[in-house]
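Protein chains: 2
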Amino acid sequence: MIAQQLNAAIITIGDEILIGQITDTNSAWLGQELGNAGIRVNYRISVGDNQSHIIHALNEAAQFADIIITTGGLGPTKDDVTKHTFCEYFHTTLVENEAVKNWVTKIFRLRKLPIIESNLQQAMVPQNCKVLFNRSGTAPGMWFNHSGKVYISMPGVPFEMKTIFTEEALPLIKQSFTLPFILHRTIQTASIGESFLAKKIADWENNLPPFIQLAYLPSIGQVRLRLSGYGIKQQEVEEEMNKQIQSLYEIAGEFIFGEETDTLQQVVGKQLLDKKQSLATAESCTGGYLAHLITSVPGSSAYYNGSIISYANEVKINELGVSADILATDGAVSEGCVKQMAELVKMKLHTDYAIATSGIAGPSGGTDQKPVGTVWIAVSGPKQTIASQFNMGDSRERTIHRTALQGLFMLRQMILADDKPLK
Amino acid sequence: MIAQQLNAAIITIGDEILIGQITDTNSAWLGQELGNAGIRVNYRISVGDNQSHIIHALNEAAQFADIIITTGGLGPTKDDVTKHTFCEYFHTTLVENEAVKNWVTKIFRLRKLPIIESNLQQAMVPQNCKVLFNRSGTAPGMWFNHSGKVYISMPGVPFEMKTIFTEEALPLIKQSFTLPFILHRTIQTASIGESFLAKKIADWENNLPPFIQLAYLPSIGQVRLRLSGYGIKQQEVEEEMNKQIQSLYEIAGEFIFGEETDTLQQVVGKQLLDKKQSLATAESCTGGYLAHLITSVPGSSAYYNGSIISYANEVKINELGVSADILATDGAVSEGCVKQMAELVKMKLHTDYAIATSGIAGPSGGTDQKPVGTVWIAVSGPKQTIASQFNMGDSRERTIHRTALQGLFMLRQMILADDKPLK
Numbered sequence: 307m308i309a310q311q312l313n314a315a316i317i318t319i320g321d322e323i324l325i326g327q328i329t330d331t332n333s334a335w336l337g338q339e340l341g342n343a344g345i346r347v348n349y350r351i352s353v354g355d356n357q358s359h360i361i362h363a364l365n366e367a368a369q370f371a372d373i374i375i376t377t378g379g380l381g382p383t384k385d386d387v388t389k390h391t392f393c394e395y396f397h398t399t400l401v402e403n404e405a406v407k408n409w410v411t412k413i414f415r416l417r418k419l420p421i422i423e424s425n426l427q428q429a430m431v432p433q434n435c436k437v438l439f440n441r442s443g444t445a446p447g448m449w450f451n452h453s454g455k456v457y458i459s460m461p462g463v464p465f466e467m468k469t470i471f472t473e474e475a476l477p478l479i480k481q482s483f484t485l486p487f488i489l490h491r492t493i494q495t496a497s498i499g500e501s502f503l504a505k506k507i508a509d510w511e512n513n514l515p516p517f518i519q520l521a522y523l524p525s526i527g528q529v530r531l532r533l534s535g536y537g538i539k540q541q542e543v544e545e546e547m548n549k550q551i552q553s554l555y556e557i558a559g560e561f562i563f564g565e566e567t568d569t570l571q572q573v574v575g576k577q578l579l580d581k582k583q584s585l586a587t588a589e590s591c592t593g594g595y596l597a598h599l600i601t602s603v604p605g606s607s608a609y610y611n612g613s614i615i616s617y618a619n620e621v622k623i624n625e626l627g628v629s630a631d632i633l634a635t636d637g638a639v640s641e642g643c644v645k646q647m648a649e650l651v652k653m654k655l656h657t658d659y660a661i662a663t664s665g666i667a668g669p670s671g672g673t674d675q676k677p678v679g680t681v682w683i684a685v686s687g688p689k690q691t692i693a694s695q696f697n698m699g700d701s702r703e704r705t706i707h708r709t710a711l712q713g714l715f716m717l718r719q720m721i722l723a724d725d726k727p728l729k
Numbered sequence: 307m308i309a310q311q312l313n314a315a316i317i318t319i320g321d322e323i324l325i326g327q328i329t330d331t332n333s334a335w336l337g338q339e340l341g342n343a344g345i346r347v348n349y350r351i352s353v354g355d356n357q358s359h360i361i362h363a364l365n366e367a368a369q370f371a372d373i374i375i376t377t378g379g380l381g382p383t384k385d386d387v388t389k390h391t392f393c394e395y396f397h398t399t400l401v402e403n404e405a406v407k408n409w410v411t412k413i414f415r416l417r418k419l420p421i422i423e424s425n426l427q428q429a430m431v432p433q434n435c436k437v438l439f440n441r442s443g444t445a446p447g448m449w450f451n452h453s454g455k456v457y458i459s460m461p462g463v464p465f466e467m468k469t470i471f472t473e474e475a476l477p478l479i480k481q482s483f484t485l486p487f488i489l490h491r492t493i494q495t496a497s498i499g500e501s502f503l504a505k506k507i508a509d510w511e512n513n514l515p516p517f518i519q520l521a522y523l524p525s526i527g528q529v530r531l532r533l534s535g536y537g538i539k540q541q542e543v544e545e546e547m548n549k550q551i552q553s554l555y556e557i558a559g560e561f562i563f564g565e566e567t568d569t570l571q572q573v574v575g576k577q578l579l580d581k582k583q584s585l586a587t588a589e590s591c592t593g594g595y596l597a598h599l600i601t602s603v604p605g606s607s608a609y610y611n612g613s614i615i616s617y618a619n620e621v622k623i624n625e626l627g628v629s630a631d632i633l634a635t636d637g638a639v640s641e642g643c644v645k646q647m648a649e650l651v652k653m654k655l656h657t658d659y660a661i662a663t664s665g666i667a668g669p670s671g672g673t674d675q676k677p678v679g680t681v682w683i684a685v686s687g688p689k690q691t692i693a694s695q696f697n698m699g700d701s702r703e704r705t706i707h708r709t710a711l712q713g714l715f716m717l718r719q720m721i722l723a724d725d726k727p728l729k
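In order, the protein sequence lines correspond to chains A and B. Numbered per the working numbering, the first sequence spans residues 307 to 729. Numbered per the working numbering, the second sequence spans residues 307 to 729.
Just chain A, same shape as in the assembly:
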């Protein structure tokens, strides 16, 4: 059976999007997810919390698309009108859904919060809908079949929308339609900028077959390479994709730390878990962000002991034991200081490895010698301590983010080197 091109429409509902109080990130996320499944978004509209505008948008969307997705307007407050609008659109009424009612009640019981009438309103859904379970919140998603089209309604809160779409809506879409074959592969790189990476792999990119497309997806401190293979013969696409990715590793492997949704903190965590080794951090300029990335991984307590965040020099001296002389002569943003921080925290917290950061995140604090963005990072392991200096740019937020990722990348490289068998 040959799959047809399926089109989707996205309708975001809420005054706060129209007036720009929040940036609509849901639509981009949905566009990508649908694209990964071989569905093309060809219509996208934002409307206010206004029944006639929503109905107008539904009518419009149904002209363009097979699947019409709405987000927003499902909260318990009275400015949220989506459910009533669907009732009007489908000429039906709200009925209580027992499963949703039990779920909402359970959530409030678990949180030891009193349940109020507006919370129970979440259990009222249009009679013709199939409920999409919302594991992350109280507002259920809804699925409607109507005149040969599918309508999906989800809350606007991004994490709730993502849960419902991934766990409930997308599997149902895949059951309901025959989708074309698309193979997506993502290669994760760090420690190299987009233009340098593009130059390094230019020949490889130019020689990709026409049915494999490459996209650069840069974010702060990282570049993801997304390869999309399209074709009728699944096996042919898969084999060529594997061959091309192998070539990519040969050309740029030193910058590749993972694939698909891997993060540096997951990759490093897995290295440590596998070797039954442990990690501590000593942070100055990253101010806890490095520890936060590490501990955002479930189970990180198995290998991460903790951190001493020495924002004040006094804490560097008293808690870590950095020598006052080094601070006086070289300053806190120096090779000597950051190496001591790494070695001392490793010793004090009894770990195998440690990462330390010290830099000038800005906006103030820069000098001619050490401008804003100057950062020293040290990694200390069982065999050695290394340190490198970087200039991370003039944005406080990006400097903190880039420094934390670079520290994790350096740790990954050291563990890899330590694991190599001696010749």
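These are calculated hints, taken from the structure and not from any lab test. One or more hints might be untrue.
Intra- or inter-copy, both count: the list cannot distinguish identical chains.
The list that follows gives simulated cross-link-like pairs (lysine to aspartate or glutamate, EDC-like), each with its CA atoms no further than 20 Å apart [claimed, not checked]:
hint: 1; residue 1: Lys654; residue 2: Glu620
hint: 2; residue 1: Lys505; residue 2: Glu620
hint: 3; residue 1: Lys436; residue 2: Glu404
hint: 4; residue 1: Lys726; residue 2: Asp636
Every value quoted in this text rests on a predicted model; they were computed, and no experiment measured them.
Since chain A is already given, all that's left is putting chain B on it; use the hints.
Below, chain B alone, put in the same frame as chain A:
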């Protein structure tokens, strides 16, 4: 002269937005800028680089709005079709604009780049348009008057669009229309969920005058209340708005921590700066995220000394000095442990205040007695140490986020109480 409510429509053009390759930040920025000028965005649509879809969107937008703004599709590559589409829509043709041609030529001369034919195409504009000068790039903005409506076309690159809108389009809009007065105010709350807040202020909300509208904007651990006042008499709107906000403070003041774009970490930072007092943190379950929020504020080194992140119990004992007995009897997630953590880190890091967190972020580690989401937070100050227990739900990420915000909120309350003069 009486101002009418002016409505605007935004049409973003480009396949890359529909498929989610880029997030549309232009629309939110334009929505805010237009709102600040008293113009309400009531229609917003994204279409691909497709002539018939763009014309459909222009026709739709003209039904809803007085001012129709398009962004995107003005690049020199052949998939950019906006200018040709406007020609078809207005039944006109492209003509060369001398001023734009001179500007484009000058830019390339200054950048010492060779100019190619496609760059000179930028000087071709529809005959009926007024050119809006683009100081930041080569693609001019365009202004059309047609059938009582204004159409504005700008490039999609955000900084070019912002330059043209601010310097050229908005001044022309203000010349062309008599704008009404709109006042937006935002009140920031924390430590209370949306439905509880809504219940608490229900009477107040129901008694708002019709020209003041309320919206709830919830995010993890916080709810923003946005009040929008519309009216002809600016003074009347301002006075009523101030009166209503004062009432809101009387009803729900205990949950209000700031206004407009305030964040909890900024508010707490300002309190500490004003009193020349200092802060330390001892984090277990938040794993550095609390420190990260605090240090994300520029200048935080003036009041924040650092943190001891004691992810391992051994670190709680050795580095903080928590009693091994407490850990053995009550466990790490207990009132006794978290109070000790706060008091000890305050003492060791020589600060006036400290926040400590300990909890089960999950997904594993929960028990019947202490399920995933169980969190203890302590705040210690010059006069006392307090601690409270919470259930933050079953998502690791949200538990970390909510715990950090709640810790900052509790600190804010303690500093406020400490500042109150003795009776």
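Against the structure, the hints come out as follows:
1. Both within a single protomer and between protomers do lysine 654 and glutamate 620 lie at most 20 Å apart by alpha-carbon distance, with minima of 17 Å and 11 Å respectively.
2. Taking the shortest Cα distances, lysine 505 and glutamate 620 never come within 20 Å of each other, neither inside one copy (45 Å) nor across copies (48 Å).
3. Proximity of lysine 436 and glutamate 404 under a CA criterion of 20 Å is satisfied intra-copy only: 13 Å inside one chain copy versus 60 Å between copies.
4. In this assembly of identical chains, the alpha carbons of lysine 726 and aspartate 636 never lie at most 20 Å apart, being 35 Å within a copy and 44 Å across copies at closest.
This entry does not satisfy hints 2, 4, going by the numbered hints stated previously.
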